[in-house]
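Q: If you want the building blocks of each chain, they are given just below.
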Amino acid sequence: MNKDSVVPVAGTDQEATTGPAGQHDDDESYILPQIVLAEERYRVIGEILEEVYRPGKERWLVSDMLDRVLLHKYLGVPVFLVTMWAMFTFTFEASRVFSALIELFFEWLGTQASLVPVPWLQSLIQQGLIGGVGFILVFVPPIMFMYLSIAVLEDSGYLARAAFVVDRAMMRIGLHGRSFIPLLLGFGCSVPAIMAARTVDAPSNRLTTILVAPLMSCSARLPVYILLAGVFFPAFAGTVVFAMYLLGIVMAVVMALVFKNTLFRGESSPLLMELPTYQRPTVHGVFRHTWDRTLLFLKKAGSYLLVGALVLWCLSYVGPGGLDVPLSESYIALLGHFLAPVFAPLGFSWQIVSALVFGLFAKEVVVESLSIIFSVEGGAAIGAALTGVLTPVSALALMVFVLLYTPCIATIGTTHKETGSWAWTAFSVVYQLVLAYLMALAVVVIGGLLVA
Amino acid sequence: MRRPRMSLNGKVREQYGGLLVMSVIGAAAYGALGLAECLAGVGLTASVAGHPDLVRGAIMLVVAMVFAAGVRPLRRREDDAAAFAVVGVLLGGILFVIELAVLLTDMLGWALRLEDWLSWSLMDSLDASLFLFPLCASLLALLSLRSTSVSTGGDQP
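Residue numbers (the numbering used here), protein chains in the order written: chain A, 218 to 669; chain B, 183 to 339.
Honestly, the hints are just simulated from the structure, not real lab data.
Glycine included, C-beta positions come from ideal geometry on N, C-alpha and C.
Worth double-checking, as some hints may not be accurate.
To be verified - Here are the computed lysine to any residue pairs in the SDA-like style, where the Cα-Cα straight-line distance is at most 20 Å:
no., chain 1, residue 1, chain 2, residue 2
1, A, LYS516, A, TRP641
2, A, LYS290, B, TRP299
3, A, LYS290, B, GLY291
4, A, LYS516, A, ARG505
5, A, LYS290, B, ASP262
6, A, LYS290, B, LEU221
7, A, LYS290, B, LEU243
8, A, LYS290, B, LEU272
9, A, LYS517, A, GLY405
Unchecked claim - A few chain B positions that, by computed beta-carbon distances, are all more than 10 Å from chain A:
no., residue
10, GLY200
11, ILE207
12, ALA218
13, CYS220
14, THR227
15, ALA228
16, ARG257
17, ARG259
18, ALA319
19, LEU322
20, ALA323
21, LEU324
Assemble the whole structure, with the sequences as input and the hints as a guide.
A: And the structure:
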């Protein structure tokens, strides 16, 4: 039997197929049913192979060979990090020119919209629609490139190895297995990540997974990173985006460890997964996956991001003084000024604070709000506006805050649905806000000291 | 289920000597340039190519580690010793493809005279990975050619 047909168990170097003794408090000899099933299945496979298959010494599988390194005890994690870095560098750097072309198109469209004779309609089209939704569409190329990279990794069979390697690292520091698959889904969207926590066995482990899954950086946060990294760290933008995703994983692991040692004391259980043989990804398959996921983003932009842009424009156009008030007297400015003192230690101006509040609806709205609030169209102009209200250190703090605070309303709803408790839902929101604030503050303090 | 097969012990084992040389060269080249990039990243030296980047240097050091990890198994002629060299070349290939994609898109931006690329020059997008992978790939190609000529008896008296 070749190596990859053995069921690898994270944290045990592919040796054990049973859960650790005592994982059920009431029964020391309890073994998980799925592990028993897997053992039985491979026993039968082994018996059949013994009868029909004679392994020759000269035959060897490419998959086995690659797994020797990709699942290596020490090299597995560094190789995974190289792959991730390569993915984000490709996502950011190679998509820039296509984003610039889309931006040029919307700039031209904005010029055409200036011919509209009705002032409020002109403002709605230029600042609300083009400045809001149009600006979000500038981020379609990087999102598409990221989905392309994920599709290649997924179709090649490497993503399953990545889950195995990281889960093994998690098991070594005492965390339960099985939760990395839901966490991995969190790179796409927090909602399916929280729902996938159903596969985690014990209730305490499941709750831990639900609580930490939103810390993984979902694709909706990507436009925020790309905008800020492109403006403040243009030479290292790919590396900065990679660092954000890495920080998400680290924070998820750290918080899981904190919860395990405080709220939910329980035993770890191993990740039992069947690793597929490596495949050469097909062009058709990769592009199909990429297009399907990009289409979802475009639908989102054409539906509630459009509605969001209209609402945001209304709030920036209307104020207590009536219609067409200066931005500083609009409702959006009132909201921003009201909360700004709380975020003053982080160096966030009222414009940033307003964008973060609206970002609770969906993370893409942060970028949309910034564009509308600054009443500008196009990256260069918003870039100049951002450098006026943020320093590189506070921009980094803003990225960390966006990474760690509650992803969106849909995530809150799913958390409630999956936990069945408003108390745990409120805890999830509050701890994420506090964590985001403290981590952003740490960035400001440490960054300030380093700059000084 | 059909699975890709490779007669490793036969054909590849003949190349262990060559793979060993390639692994040593790969480890030394990626290691030296990765270290130089790390030093440039913390401001101690000038960058080898492009912008100095500490993480980029660390990434190259990981590739060097993969090559280096294969040296001992190759010397001992272990069964799956070639895996480290193959994965090393694979990682080098991924970095090469990405840097090439970045270089080509930058060229496109420059050719279209987009604002951000007006002052772009070829040197801005050059990276050590662009030179190192062709070096390793050439060595691998040379090994394959030599192995082919040996197995067909081309070089034998």
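Q: If a hint holds in the structure, say so; if it doesn't, say that too.
A: Right, here's what the structure says about each hint:
{"no.": "1", "hint": "A/LYS516 <-> A/TRP641", "result": "violated (31 Å)"}
{"no.": "2", "hint": "A/LYS290 <-> B/TRP299", "result": "violated (43 Å)"}
{"no.": "3", "hint": "A/LYS290 <-> B/GLY291", "result": "violated (42 Å)"}
{"no.": "4", "hint": "A/LYS516 <-> A/ARG505", "result": "holds (16 Å)"}
{"no.": "5", "hint": "A/LYS290 <-> B/ASP262", "result": "holds (16 Å)"}
{"no.": "6", "hint": "A/LYS290 <-> B/LEU221", "result": "violated (28 Å)"}
{"no.": "7", "hint": "A/LYS290 <-> B/LEU243", "result": "holds (17 Å)"}
{"no.": "8", "hint": "A/LYS290 <-> B/LEU272", "result": "holds (19 Å)"}
{"no.": "9", "hint": "A/LYS517 <-> A/GLY405", "result": "holds (14 Å)"}
{"no.": "10", "hint": "GLY200", "result": "holds (17 Å)"}
{"no.": "11", "hint": "ILE207", "result": "holds (18 Å)"}
{"no.": "12", "hint": "ALA218", "result": "holds (17 Å)"}
{"no.": "13", "hint": "CYS220", "result": "holds (13 Å)"}
{"no.": "14", "hint": "THR227", "result": "holds (17 Å)"}
{"no.": "15", "hint": "ALA228", "result": "holds (15 Å)"}
{"no.": "16", "hint": "ARG257", "result": "holds (16 Å)"}
{"no.": "17", "hint": "ARG259", "result": "holds (14 Å)"}
{"no.": "18", "hint": "ALA319", "result": "holds (17 Å)"}
{"no.": "19", "hint": "LEU322", "result": "holds (15 Å)"}
{"no.": "20", "hint": "ALA323", "result": "holds (19 Å)"}
{"no.": "21", "hint": "LEU324", "result": "holds (21 Å)"}
Violated hints, listed in ascending order, are 1, 2, 3, 6; each of the other numbered hints is respected by the structure.
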